Amino acid sequence: MRRDVWIFLFAVGVLLFTWPVLSIFNDNLAAYLFVVWFIFILLIFITSIFSEREDGDG
Amino acid sequence: MFSSWILLAIILCYLLLLFSIAYLAERKELQGKSLVANPYVYSLSLAVYCTSWTFYGSVGSAATTGLSFLAVYIGPTLMAALFWVVLGKIVRISKENRITSISDFISSRYGKSLSLSILVTIVAIIGITPYIGLQLKAIMTTFSLLSGRPEGSHFAGWFIALVIGFFAVMFGARRLDALDRHGGLVLAVAFESAVKLIAFLCVGLFVTYGLFDGFGDIFGRIKAGSYASLMKLGTGSSGSFLEWSSITFLSMMAVLFLPRQFHLAVVENHSSDHIKKAMWLFPLYLLLINIFVLPIAFGGLLLGDSPSTADYFVLSIPMHYGHPLLTLFVFIGGFSAATAMIIVESVALSTMAMNSFVMPTFWNQKVFSNFSAVMLQFKRVVILGCVFLGYLFAVSIGEFYSLVDIGLKSFEAATIFAPALLLGLYWKGGNKKGAIAGILAGFGVWIYTLLMPALMRAGIIQNGGIMEAVFNSALLKPTALFGLEGIDHWSHSLFWGLLLNLLFYVGVSIFTRQSDAEARQAVIFVDSYSPFHFSLARRPADISEIEDILGQYLSPVEAREAVDVFLKKSGMNRDSMTSEELQKLQEQAERVLSGALGPSISTLVFQDRTALSPDDAKRVSKSIQHITRNLRLSRQELAEANRQLAMLKEFSENIIESLPLGVATLDELLCVTYWNSGMERITGVKQPEALNGLAERFLTCLEPRLFNPEVHEGELTCKRNFEPQIVLQGYLSKLAGAQKGYVLVLEDITERKKIEEELFRATKHASVGRLAAGVAHEINNPLASISSLVQELLTENVSSFEHDSLTTINQQVHRIARIVRNLGDFARLYPRQKAPTNIGDILENTLSLVRYDKNFKNIEILIDVRETPPLKIDPDQIQQVFLNLVLNARDAMPDGGELSVSIRQVNEHVEMRFADTGHGIDAEIRDKIFDPFFSTKGPTKGTGLGLSICYSIIRDHGGTIEIDTERDKGALFIIKMPTAA
Numbered sequence: 145m146r147r148d149v150w151i152f153l154f155a156v157g158v159l160l161f162t163w164p165v166l167s168i169f170n171d172n173l174a175a176y177l178f179v180v181w182f183i184f185i186l187l188i189f190i191t192s193i194f195s196e197r198e199d200g201d202g
Numbered sequence: 002m003f004s005s006w007i008l009l010a011i012i013l014c015y016l017l018l019l020f021s022i023a024y025l026a027e028r029k030e031l032q033g034k035s036l037v038a039n040p041y042v043y044s045l046s047l048a049v050y051c052t053s054w055t056f057y058g059s060v061g062s063a064a065t066t067g068l069s070f071l072a073v074y075i076g077p078t079l080m081a082a083l084f085w086v087v088l089g090k091i092v093r094i095s096k097e098n099r100i101t102s103i104s105d106f107i108s109s110r111y112g113k114s115l116s117l118s119i120l121v122t123i124v125a126i127i128g129i130t131p132y133i134g135l136q137l138k139a140i141m142t143t144f145s146l147l148s149g150r151p152e153g154s155h156f157a158g159w160f161i162a163l164v165i166g167f168f169a170v171m172f173g174a175r176r177l178d179a180l181d182r183h184g185g186l187v188l189a190v191a192f193e194s195a196v197k198l199i200a201f202l203c204v205g206l207f208v209t210y211g212l213f214d215g216f217g218d219i220f221g222r223i224k225a226g227s228y229a230s231l232m233k234l235g236t237g238s239s240g241s242f243l244e245w246s247s248i249t250f251l252s253m254m255a256v257l258f259l260p261r262q263f264h265l266a267v268v269e270n271h272s273s274d275h276i277k278k279a280m281w282l283f284p285l286y287l288l289l290i291n292i293f294v295l296p297i298a299f300g301g302l303l304l305g306d307s308p309s310t311a312d313y314f315v316l317s318i319p320m321h322y323g324h325p326l327l328t329l330f331v332f333i334g335g336f337s338a339a340t341a342m343i344i345v346e347s348v349a350l351s352t353m354a355m356n357s358f359v360m361p362t363f364w365n366q367k368v369f370s371n372f373s374a375v376m377l378q379f380k381r382v383v384i385l386g387c388v389f390l391g392y393l394f395a396v397s398i399g400e401f402y403s404l405v406d407i408g409l410k411s412f413e414a415a416t417i418f419a420p421a422l423l424l425g426l427y428w429k430g431g432n433k434k435g436a437i438a439g440i441l442a443g444f445g446v447w448i449y450t451l452l453m454p455a456l457m458r459a460g461i462i463q464n465g466g467i468m469e470a471v472f473n474s475a476l477l478k479p480t481a482l483f484g485l486e487g488i489d490h491w492s493h494s495l496f497w498g499l500l501l502n503l504l505f506y507v508g509v510s511i512f513t514r515q516s517d518a519e520a521r522q523a524v525i526f527v528d529s530y531s532p533f534h535f536s537l538a539r540r541p542a543d544i545s546e547i548e549d550i551l552g553q554y555l556s557p558v559e560a561r562e563a564v565d566v567f568l569k570k571s572g573m574n575r576d577s578m579t580s581e582e583l584q585k586l587q588e589q590a591e592r593v594l595s596g597a598l599g600p601s602i603s604t605l606v607f608q609d610r611t612a613l614s615p616d617d618a619k620r621v622s623k624s625i626q627h628i629t630r631n632l633r634l635s636r637q638e639l640a641e642a643n644r645q646l647a648m649l650k651e652f653s654e655n656i657i658e659s660l661p662l663g664v665a666t667l668d669e670l671l672c673v674t675y676w677n678s679g680m681e682r683i684t685g686v687k688q689p690e691a692l693n694g695l696a697e698r699f700l701t702c703l704e705p706r707l708f709n710p711e712v713h714e715g716e717l718t719c720k721r722n723f724e725p726q727i728v729l730q731g732y733l734s735k736l737a738g739a740q741k742g743y744v745l746v747l748e749d750i751t752e753r754k755k756i757e758e759e760l761f762r763a764t765k766h767a768s769v770g771r772l773a774a775g776v777a778h779e780i781n782n783p784l785a786s787i788s789s790l791v792q793e794l795l796t797e798n799v800s801s802f803e804h805d806s807l808t809t810i811n812q813q814v815h816r817i818a819r820i821v822r823n824l825g826d827f828a829r830l831y832p833r834q835k836a837p838t839n840i841g842d843i844l845e846n847t848l849s850l851v852r853y854d855k856n857f858k859n860i861e862i863l864i865d866v867r868e869t870p871p872l873k874i875d876p877d878q879i880q881q882v883f884l885n886l887v888l889n890a891r892d893a894m895p896d897g898g899e900l901s902v903s904i905r906q907v908n909e910h911v912e913m914r915f916a917d918t919g920h921g922i923d924a925e926i927r928d929k930i931f932d933p934f935f936s937t938k939g940p941t942k943g944t945g946l947g948l949s950i951c952y953s954i955i956r957d958h959g960g961t962i963e964i965d966t967e968r969d970k971g972a973l974f975i976i977k978m979p980t981a982a
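As they're listed, the protein sequences go chains P and L.
Residues in the first sequence are numbered consecutively from 145, following the numbering used here.
Residues in the second sequence are numbered consecutively from 2, following the numbering used here.
There's no promise every hint is true.
As the list claims (entries may be wrong) - Some chain L residues near chain P, calculated using beta-carbon distances under 7 Å:
id: 1; residue: Leu83
id: 2; residue: Trp85
id: 3; residue: Val86
id: 4; residue: Ala229
id: 5; residue: Met232
id: 6; residue: Leu285
id: 7; residue: Leu289
Treat the hints as calculated values from the structure; they're not laboratory data.
Small disclaimer: the values here were computed from a predicted structure and weren't measured.
Here a beta-carbon is modelled for each residue, glycine too, at the ideal position from N, C-alpha and C.
Starting from the given sequences, assemble the full structure and let the hints guide the process.
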């Protein structure tokens, strides 16, 4: 897996967990944080599965 | 309340359990069956990040400042996405260089600088030891809460610190080689991570569903009450977005650069593959342990507890509601969180202190007698020292700090290492002086903006005199440095610390020179090169000398073992080692010692023993300088050449790919080595399929055969045996120069062939037309005389025979006249006027002429005429074309059949199709049917000019006429007339 994918994922995470995105969801911030947190972990999980498969193929 | 002795007994039992687990792991490891070499234990061990700050402090923070506490866990989650990129590189480098602590890592990067290692260790000890103290404070406070005897907590703290120190010594300083992993310690830490998670989830479930009706109930009541601001960030809440971002960044750095995190993530890593699982398992752990933080915090507030006691809601709520077992379990959970941190942190700090202070001191004093055993004892003392330093902090000034406060101060301290470490991984220009300057600047800001105000608040520094004047000045106020006000103190300290750290690191690195050793280490770290790639410019020691040196610091047996293992692994022979092999062995020995002594001292050990003579040193130094200069130049030239080569390659490929030709290169065995997109288009074979395959397999249509019995060079043609048919022209030639093989170029000449044929036919028609015009002109005049004379004679009184003869002559003259008229039509002797006409009307007129003809009785005529624009045409001539085609169709179907006529617009043309079901035409004569005087009907039935006339008329109108026919399959004439005509 190219490191660009991980860096992209990181950048998306930073975007989702900082102002101004957080201020948009300020009324239900706790729910937003936990849901996005879980989705982000899920994305890392899926990416790492693909990455392991790629490594296996390679 | 519980009796103090019962609590102490429980603590001892739990510690015994940990001992058993650690012991089991160590035993299994000795048997070669590691219990810790798996990603799950690795991920759980990383959860040492969650200390008593998480277990108790998060709830306290949530109850006082709301959601801000989550940033401490979001940061590591974000950083986890980069684990493979950043942590993976750190692990690789550390394994290659046998690095055992973060101070070793930074000092190794900058030329194995001892001064840098000492500086990092000092920062870590000052920044982190209070954090150890806070863990002990948490244990003591919870012990007091449960026992109800605050006076006994100091004794309990002392006793617990001793036991924890003993545990750390047992499993963290078993032998001197710090790189020998601590399997027992890691398994115990992983077990504690599991215990604290389960304990927290239990109390969370109890509060959320035992005391309330779930999340909705708690959050609903909080939103409706006076604590609603805790559910938000920014304006109207106690946490700002800036503070949130700063803490997120700090925790991102802390999860990698806190000594305990570095130790478990890097030093105790068994395989880089474990990192990939930890990337999601570790954040998942953080998510789980935080799920019930808000319900517990808000639950405590709703139950009437004060926010000032919120740090211990986790323990106080189940205790007050009469659940002693749950209370005890939670206490064990919190105890696990604290002890795991204390043990790992003290081991990590002791390794740093040993490598930075103790080893160099002993080295300078030349104390070598029983070195290994002495150092091991020292390491144990240092571990105990770290734990008791923490204990002293906890009992003396710990009460002035909250868990979160000291935790974040440690995070800020760990962030001081970030520029030197992270930039050092990706920028070769960073040097030792820059790193020292950056860390000093960052540390200075940390002390001034965070530590000093805290010490003043605790009364350790008296606020008065010059201090007061400085601290209260507009420019130097610790919480508003240079007048920067209006932001929280974490963001304030982070901003100035990071800014100055970066400025000094980058600035000093740019303006000062890097030593050769630093340049070498920079390449090893940035490019992740194995140190093996670099040969030392020192005289290699011989093998017995290397063993002697190693034996002095390890033991003679271990030294011999280490050398033998390396020789076996590298396939070297002890009795016949080359100079290069000796250098490699020496480097390996340095790395082995690096694990025990630290990189700086291990390098010194060998430098001292293998020192060159002054003359040699001068010579070697000059050589190195010369080589380094040349290498730098060569690298630049190589990079430039590489760049140009890449551009040239891309340029050439672009040209070849954009050619309207098929280009392939073949090796000597006629296997395809290159296959461009034109080749794909022509052959229908894709590049991946063609590459390395025999070219003959893909080019069977080529004539003459290219490849058998020998390779032909020159022109070739190919009629592809699949639709659409194309005609190719190719050229095969041998590759010029050193490369052997062939280049094959194929060109699709189908269109060119068509045009050539068209031109040939037009030329033929033109010359025949000229001939026909001359003939018609010459015949017309005498024919008119003959015709008038015959008419006149017929009016005379002639015999019956003469009358019949004259009538026959007259008929033949008419026939000749018709032929001449046809010739005139063919040669277009009579200019016609073109006018916009509806083509459908012409077809209708034509068909009305033949519809009632008896010869059409058995022919079914199907008409499909669509709306088309009027065409500028000569209607009579076009009618003649239609009539010719219809009559031809009739002649082709003597026994009846079907004639389909359709007219429609296709793009810029009006297309007319005449399809019959007659006998068709043989393929061999298909190309001749538009030739003048060519007929398939025999000499008596036609002149052979009908289709020639059609062809001439259509071409004269700027259109085309084509035929598609096969014997017994009917014929299809397609006329295309441009709408613009």
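Now for the hints, and whether the structure bears them out:
1. For Leu83(L), the interface hint holds, since its Cβ comes within 7 Å of a Cβ in chain P; the closest pair sits about 5 Å apart.
2. At a threshold of 7 Å, the smallest CB-CB gap from Trp85(L) to chain P is about 6 Å, leaving the interface hint in force.
3. At a threshold of 7 Å, the smallest CB-CB gap from Val86(L) to chain P is about 5 Å, leaving the interface hint in force.
4. A distance limit of 7 Å between C-beta atoms decides the matter here; for Ala229(L) the minimum to chain P is near 11 Å, and the interface restraint is violated.
5. Annotation: interface hint on Met232(L) holds; nearest CB of chain P at approximately 6 Å, less than 7 Å.
6. With its C-beta approaching chain P no nearer than about 5 Å, Leu285(L) sits inside the 7 Å limit, and its interface hint holds.
7. For Leu289(L), the shortest C-beta to C-beta distance to chain P is roughly 10 Å, which exceeds 7 Å, and the interface hint is violated.
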